[in-house]
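Could you build all of it, start to finish, from the sequences and the hints given here?
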Amino acid sequence: MLLQKTLSKSNKTDLYLDLVELTSGLLLVGFLWTHMLFVATILISQDTFNKLSEFLDTYYLSYIGIPFIIVIALFHFVIAGRRIPTRIQEQRIVWRHAKMLRHTDTWTWVFQTITGMAILVLGGIHVWMITTGWPIRAINSAERMESFWWFYLVLLIVGEYHAGFGIYRQFVKWGWFPRKPIGYISKVITAIILVLGLAAMVVFVQLGGTL
Amino acid sequence: MADRELTFEIFRYNPQKPETKPYLQTYKLKETTGMTVFVALNMIREEQDPSLMFDFVCRAAICGSCAMIINGRPRLACKTLTKTLPAKIKLFPLPVFKLIGDLSVDTGTWFRHLSLKTESWIHTSKTFDPKAQEERMDNKTALEIYEAERCIECGCCIAGCATANIREDFLGAAGINRVARFMVDPRDERTPEQYFEVVGSEEGAFGCMGLMACDDNCPMELPLQMQLAFVRRKIAKIGLGVKEKKGVKLA
Ligand code: SF4
Ligand code: SF4
Ligand code: FES
Numbered sequence: 001m002l003l004q005k006t007l008s009k010s011n012k013t014d015l016y017l018d019l020v021e022l023t024s025g026l027l028l029v030g031f032l033w034t035h036m037l038f039v040a041t042i043l044i045s046q047d048t049f050n051k052l053s054e055f056l057d058t059y060y061l062s063y064i065g066i067p068f069i070i071v072i073a074l075f076h077f078v079i080a081g082r083r084i085p086t087r088i089q090e091q092r093i094v095w096r097h098a099k100m101l102r103h104t105d106t107w108t109w110v111f112q113t114i115t116g117m118a119i120l121v122l123g124g125i126h127v128w129m130i131t132t133g134w135p136i137r138a139i140n141s142a143e144r145m146e147s148f149w150w151f152y153l154v155l156l157i158v159g160e161y162h163a164g165f166g167i168y169r170q171f172v173k174w175g176w177f178p179r180k181p182i183g184y185i186s187k188v189i190t191a192i193i194l195v196l197g198l199a200a201m202v203v204f205v206q207l208g209g210t211l
Numbered sequence: 001m002a003d004r005e006l007t008f009e010i011f012r013y014n015p016q017k018p019e020t021k022p023y024l025q026t027y028k029l030k031e032t033t034g035m036t037v038f039v040a041l042n043m044i045r046e047e048q049d050p051s052l053m054f055d056f057v058c059r060a061a062i063c064g065s066c067a068m069i070i071n072g073r074p075r076l077a078c079k080t081l082t083k084t085l086p087a088k089i090k091l092f093p094l095p096v097f098k099l100i101g102d103l104s105v106d107t108g109t110w111f112r113h114l115s116l117k118t119e120s121w122i123h124t125s126k127t128f129d130p131k132a133q134e135e136r137m138d139n140k141t142a143l144e145i146y147e148a149e150r151c152i153e154c155g156c157c158i159a160g161c162a163t164a165n166i167r168e169d170f171l172g173a174a175g176i177n178r179v180a181r182f183m184v185d186p187r188d189e190r191t192p193e194q195y196f197e198v199v200g201s202e203e204g205a206f207g208c209m210g211l212m213a214c215d216d217n218c219p220m221e222l223p224l225q226m227q228l229a230f231v232r233r234k235i236a237k238i239g240l241g242v243k244e245k246k247g248v249k250l251a
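Chains as they are written, first to last, in UniProt numbering: chain A, 1 to 211; chain B, 1 to 251.
Any given hint might turn out to be false.
[As the list claims (entries may be wrong)] Selected chain A positions facing chain B (Cβ under 8 Å, derived; list incomplete):
#: 1; residue: S53
#: 2; residue: E54
#: 3; residue: R83
#: 4; residue: H103
#: 5; residue: W174
Everything labelled a hint here was simulated from the structure, so no lab data went into it. All of these numbers come straight from a predicted model, not from anything done at the bench. Cβ coordinates follow ideal geometry from the N, Cα and C atoms, glycine included.
Structure representation (C-alpha cells):
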C-alpha cells in the first residue's frame, strides 16, 4: 500500500469517467442514427420531411434536443478525449506502434481520435449553419446541400465511421456480445446509414438544382 | 516453399555499449523443413554470429521466454514456423520491457511487479492443515481458473497493447487476466472492495481502450477480450454498489 493511495481510497473517478464515456457515446450514436433516419424521410417525399420537422418543432423537441445533444457531445469530447496522448513523445510511440503492428483495431482507434477531432469542428459548423438558417424545411436544406455537398459528404463519412467503430469498441470492452458478430453488425448498420445518407444527399442536391 | 533462402533483418543493440547506435543486421539462411524462427536464430548464432542475443528455454511454447516482434507482430519464436512468413523476416525485441540486448528483454521483473501489485496469491484466514482432505471445488470453477492460468507470461499482450506502450503503470491483459483468475477462486477471501482497490482504476480495468491487440496476439489464445470485459463489468458493479446474488462469489 502506498500512502497517497491509502489516503484517497476507493477513488471511483476512473469508473465514473468510463461510464460517462459509455453513456454519452451510446446516446450520441442513438442520436446520429435517428437523425440520419429523419433526414432520409426526404426519400419518401418533401412533405414527409417537412411534416416531421414541423412536428419536432411544435412539440419543442428540436429546442430541447439540440442543446441537449450539444452538451452531451462536449462531455463526450472531453471525457473520451482523455485517452488521447497529449505528449508528443507518446503520440509518436502510438503512431510507430500502429505502423509496426499493422493491426486493424489499433488503426481504427488512431482514426477514431482523428475523426473525433474532425467531428468537433465540422459538427460545430453544421449546428451553426442549421440554427442560423432555422427552421429546417426541405427547401432550406436543399439550398444548403447544393452549395455545401462536399462539406456534408465529409461530415457524413467521418461521423458514421466514428459512431460505427465507437459502438463496436464499447461492446467489445464490456463484453456483452462476442467480438466478431458485433463487428459485423456495426458495419452493416453503418453501411445502411451511409447509403441512406448519400441517397438523401443526392435527392437534396437535385432538389436544390430545381430551385 | 522448397529451398527458400531466408533473409533475416535483426535489431542489434547492446545497452552496455551505448556508443554503437541501434542498427539492423542482415543474415541469410537456407530454409529447412519444419523450421521455426527459434531454430533459425540458433543456426545463425552457431554458424554466423555468436554475439547475437536472444532468449529461449523450453522451445515448446511453455516458458514464454522467446517472445519477440516478428514482422511487426508479437509472437513466440519457437512457435512460429518460417513457412508461414515471407522470405524476408524482420525481428525486433518486445517493446515495454527492459532491453537486455538485441532480441532479449527482461519480462521477469515486469511480471514480478505485476504479481506484487495484484497480490497474486490466495488471501485466506484459514491455516493450512496438511492432513486434512483437500477442499472440493466444482468443475466449472476449476476450469475457469485453469483457463486463466494457461498464461505463460510471454508478454506478447503487453507489447502489442498501445496503452501499455505509453502508460508504464498499466497492468495490461496479462495482469487483468490474473485478477480474473483470483476473482473466480472461492478460496480467495478478498472482498469486492479490495478487488476494486487492485483494478478499479486506469491502471487496471479502466485503462484498457479495447483495441484487442492482446486478444489477437496471445500465443496461448487466452480469451482475453472476455477476461477483460468480465473484470470490467465486475469492477463496475462493485464500484456502483450493485450487490451480487447470495452465495455466488463474484463469478
Ligand atoms: S484490449 Fe486493452 S489490454 Fe488489450 S491491447 Fe487493447 S488496450 Fe491493451
Ligand atoms: S495472456 Fe497470452 S500474450 Fe499475455 S502474457 Fe499470457 S500468454 Fe502471453
Ligand atoms: S522457448 Fe519457451 S516459449 Fe519459446
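Structure-based check of each hint:
Violation of the interface hint for S53/A is found here, the shortest Cβ-Cβ separation to chain B being roughly 37 Å, above the 8 Å cut-off. Hint status for E54/A relative to chain B: violated, with the closest Cβ pair at about 41 Å, above 8 Å. The interface hint given for R83/A is met, as the beta carbon of that residue sits about 6 Å from the closest beta carbon of chain B, less than 8 Å. Checking H103/A against chain B: minimum C-beta separation of about 5 Å stays under 8 Å; hint holds.
Using the Cβ-Cβ criterion of 8 Å, the hint placing W174/A at the interface with chain B is satisfied: the shortest such distance is roughly 6 Å.
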